[in-house]
Amino acid sequence: MPLHIPRFASAAVAAVAVPVGLSIQAVGDWGGHRQSYPAAHPLAMTVSLLPGSIVYPMPGEFLKDGRPQRNPRLRQQFDKPLEIMTYQVSAADYADCVAAGGCQPPQEARAIPDDAPVTGVSYLDADAYARWYSEATGDHWRLPSDEEWAFAAAERFTGEFEGVEDDADNPARRWLTSYKAEVALNRRPDPLPRSRGSFGVNSRGLADLSGNVWEWTSTCYVRATLAADGVGVASSIDNCGVHVVEGFHRTYMSNFVSDGKSGGCAVGTPPDNLGFRLVRNQPGWAKRILGRLGII
Amino acid sequence: MLTRREALFGAAIGAAAVAAMPAFSATAAQAEIGKLARERIKLVAPPFVHQHDQVAKGGPKIVEFTMTIEEKPVVIDADGTTLNAMTYNGSVPGPLMVVHQDDYVELTLVNPDTNTLAHNIDFHAATGALGGGELTLVNPGEQVTLRFKATRTGTFVYHCAPGGSMIPWHVVSGMSGAIMVLPRDGLKDDEGKPVKYDSIFYIGENDFYIPRDEKGNFKSYETAGDGYDDVMKVMRGLIPTHVVFNGKAGSLTGDNAMKAKVGETVLIVHSQANRDTRPHLIGGHGDYVWEQGKFANAPAKDLETWFIRGGSAGAALYTFLQPGVYAYVNHNLIEAVELGATAHFMVEGEWNDDLMTQVEAPKPIVTN
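Protein chains in written order, with UniProt numbering: chain F, 1 to 296; chain V, 1 to 368.
A couple of the hints might just be wrong.
As the list claims (entries may be wrong) - Here are the simulated DMTMM-like pairs of lysine to aspartate or glutamate, each with C-alpha atoms no more than 25 Å apart in a straight line:
#, chain 1, residue 1, chain 2, residue 2
1, V, K57, V, E264
2, V, K363, F, D229
3, V, K259, F, D167
4, F, K180, V, E106
5, V, K259, F, D166
6, F, K64, V, E360
7, V, K363, F, D166
8, V, K261, F, D167
9, F, K180, V, D276
10, V, K196, V, E348
As the list claims (entries may be wrong) - One-sided and incomplete, this derived list gives chain V residues near chain F with beta-carbon spacing under 8 Å:
#, residue
11, P362
12, P364
13, V366
Claimed, not checked - Listed next, with one range per pair, are the computed distances between beta-carbon atoms:
#, chain 1, residue 1, chain 2, residue 2, range
14, V, E304, F, Q69, 32 to 38 Å
15, V, N297, F, Q69, 39 to 45 Å
16, V, Q358, F, G52, 38 to 44 Å
17, V, K196, F, A228, 48 to 54 Å
18, V, T357, F, S236, 53 to 59 Å
19, V, A300, F, P105, 46 to 52 Å
20, F, S195, V, R309, 37 to 43 Å
21, F, A181, V, D102, 26 to 32 Å
22, F, P189, V, I365, 15 to 21 Å
In case anyone wonders, no lab produced these hints; they're calculated from the structure. We put the beta carbon where it would ideally sit given N, CA and C, even for glycine.
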């Protein structure tokens, strides 16, 4: 039995973070090129989630008969284990990428702790970090998709402010109820990033979800026209210049925006900060074997 | 660092002016004024306005107000940036005062000894003595009472003007507000027909100049005086760091969004004591707009955006025709979105398809 299977099981059941040592041990098992990764920082701690499923509201804007609809709730199945960073990428982690020439400096001038999540980063920055980190560690790291984020966030996932009143004769009802729903949450701005762990751990062992740092996902903004059954998609247009951002609520940001406060629209609560965490792609069996044999 | 002595420098001049006018309180006119009815008004914090009649009942009267000056730190944006504010009655802007033409405004201005600076008030609605500024300079621990006749109708700015560089500094620290002098028979449209409002909101716009540290973060100071030198440097650059309504970015949104209903007529009084601005109601209009704020001039009709000159207050009357969330902005959109000058109206009511409808929802471009 391959080593990684019991690890997934124990991590998920115990709902705790995988310790650094175990994570590195597993990486060693898979092989890879880590020579360029700074020795000063241990590899990111990760949590491995067992396969499972969630029912969740899809991101994007949905129309039916030309009218906005509630986001369809779909069951999303995860057939493979999902390995995701326990913490958001920290300011110190990101600084390594900047020092190595792999990333642009973050748009962050405030004095924040080194172990606080990196903030002031755009989708483009997050993507560049994932590419550099993959190169530096020899593993394939990437941003989570929106459904992966929701799956990992579990009870910390909230989705977006959907207008609940559907009145064909009065589109304003939807706008007003959505605005009021956001107001009712009574969330005050909380601008300054804090040390990792400040927002606690969720039931799956991930830290700092839905605190004051929103996270980039790899999912593009989509506008879809639903089929007659209200679930299937009749047609859709992706806009990959805008990506889904998850956190205290779901929102959508242009790829180049690094300050959530200025990236929003005329009405609505903007994210306090923009950051990210990464998912490690599980190498396939062929790569694992080749890795063990020292071929790759 | 500002010393107490510098701050109080203007006091001697003010006192001299008062002393030079002994006859002022002993004329026949004084006796006549003494016979007038008095009304005492309790001011309320913006964007709300104290209860008032739109059409005056009875003859001119003496309308008594009291404003207490309060120096205090206030947070002006979501990042927690702090302004060492100077306030009339504790709010930025100061409250809107409403009287009718030929009423006498009698203001008692209190400067408690918990404050550190000398203050006064210059009413653009008043005649003489630098708008009353010369007669109202009070040191911490003093109070003064000024009376002026509201001879001209309109919306007018009032602000602190304690002399020299103190004038712009006090104003951009929050010390301004507005007074509305209504015609005795109320507002009229361009044809002289009476118009009324169901509700009134007062939006005072402020430009703030907060110094930054070497990293670009906003600095804070223990007292207003501690920040004086740094603030003056930013002020002289003429580029504000914040342009906000009601003293703080986002202070008229969310929970504090202004509320109205379809069919209701709203009067929006907008003042800016220091700098030009251009209000615009996104998705709405100004049905009748007194751009310069003076009701003796016929209102302009159907405006998209109106211009409020720095140092003036204007008024716009609008009847909401569609429900929804409206943004009311300074239509320099950089100032609206990046610097803070955005407010919201939540308007309930029935949608009018005739005015607007989405004929076809967004869909992929049709190719033949």
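Hints, one by one, checked against the model:
1. Pair hint K57 of chain V plus E264 of chain V holds up; C-alpha atoms about 24 Å apart against a cutoff of 25 Å.
2. In summary, the hint linking K363 of chain V to D229 of chain F is supported, as the alpha carbons are separated by about 18 Å, within the 25 Å threshold.
3. Simply put, K259 of chain V and D167 of chain F have alpha-carbon atoms about 21 Å apart, close enough for the 25 Å limit, and the pair holds.
4. Between K180 of chain F and E106 of chain V the CA atoms are separated by roughly 42 Å; this puts the pair beyond 25 Å, and the hint is violated.
5. For the hint linking K259 of chain V to D166 of chain F, the alpha-carbon distance of about 22 Å falls within 25 Å, and the restraint holds.
6. This hinted pair checks out: K64 of chain F and E360 of chain V have alpha carbons roughly 11 Å apart, not beyond 25 Å.
7. For a cut-off of 25 Å, the pair hint linking K363 of chain V to D166 of chain F stands: about 20 Å separates their Cα positions.
8. At roughly 18 Å between alpha-carbon atoms, K261 of chain V and D167 of chain F fall within 25 Å of each other, so this suggested pair holds.
9. Taking the CA atoms of K180 of chain F and D276 of chain V, the gap is about 33 Å. The hint is violated against a cut of 25 Å.
10. For the given pair, K196 of chain V sits about 20 Å from E348 of chain V by alpha-carbon distance, which is consistent with the 25 Å threshold.
11. For the restraint placing P362 of chain V at the interface with chain F, the shortest Cβ-Cβ distance is roughly 6 Å, inside the 8 Å limit, so the hint holds.
12. Evaluation of the P364 of chain V hint against chain F yields a held restraint, the C-beta minimum of about 5 Å falling below 8 Å.
13. Among the interface hints, the one on V366 of chain V is violated; its C-beta lies about 11 Å from the nearest C-beta in chain F, farther than the 8 Å criterion.
14. For E304 of chain V and Q69 of chain F, the Cβ-Cβ distance of about 34 Å falls inside the hinted range of 32 to 38 Å, so the restraint holds.
15. The supplied range of 39 to 45 Å is broken by N297 of chain V and Q69 of chain F, whose beta-carbon atoms lie about 51 Å from each other.
16. Checked against the given bound of 38 to 44 Å, the beta carbons of Q358 of chain V and G52 of chain F, roughly 40 Å apart, stay inside it.
17. At about 51 Å, the CB distance of K196 of chain V to A228 of chain F agrees with the hint of 48 to 54 Å.
18. The hint said 53 to 59 Å for the Cβ distance between T357 of chain V and S236 of chain F, and at roughly 24 Å that hint is violated.
19. Between A300 of chain V and P105 of chain F the Cβ separation comes to about 50 Å, which falls inside the hinted range of 46 to 52 Å.
20. As the Cβ distance of S195 of chain F to R309 of chain V is approximately 49 Å, the hint placing it in 37 to 43 Å is violated.
21. At about 50 Å, the CB distance of A181 of chain F to D102 of chain V disagrees with the hint of 26 to 32 Å.
22. For P189 of chain F and I365 of chain V, the hinted distance range of 15 to 21 Å is not satisfied, since their beta carbons lie about 40 Å from each other.
Violation of the numbered hints given earlier is confined to hints 4, 9, 13, 15, 18, 20, 21 and 22; the remaining hints are satisfied by the structure.
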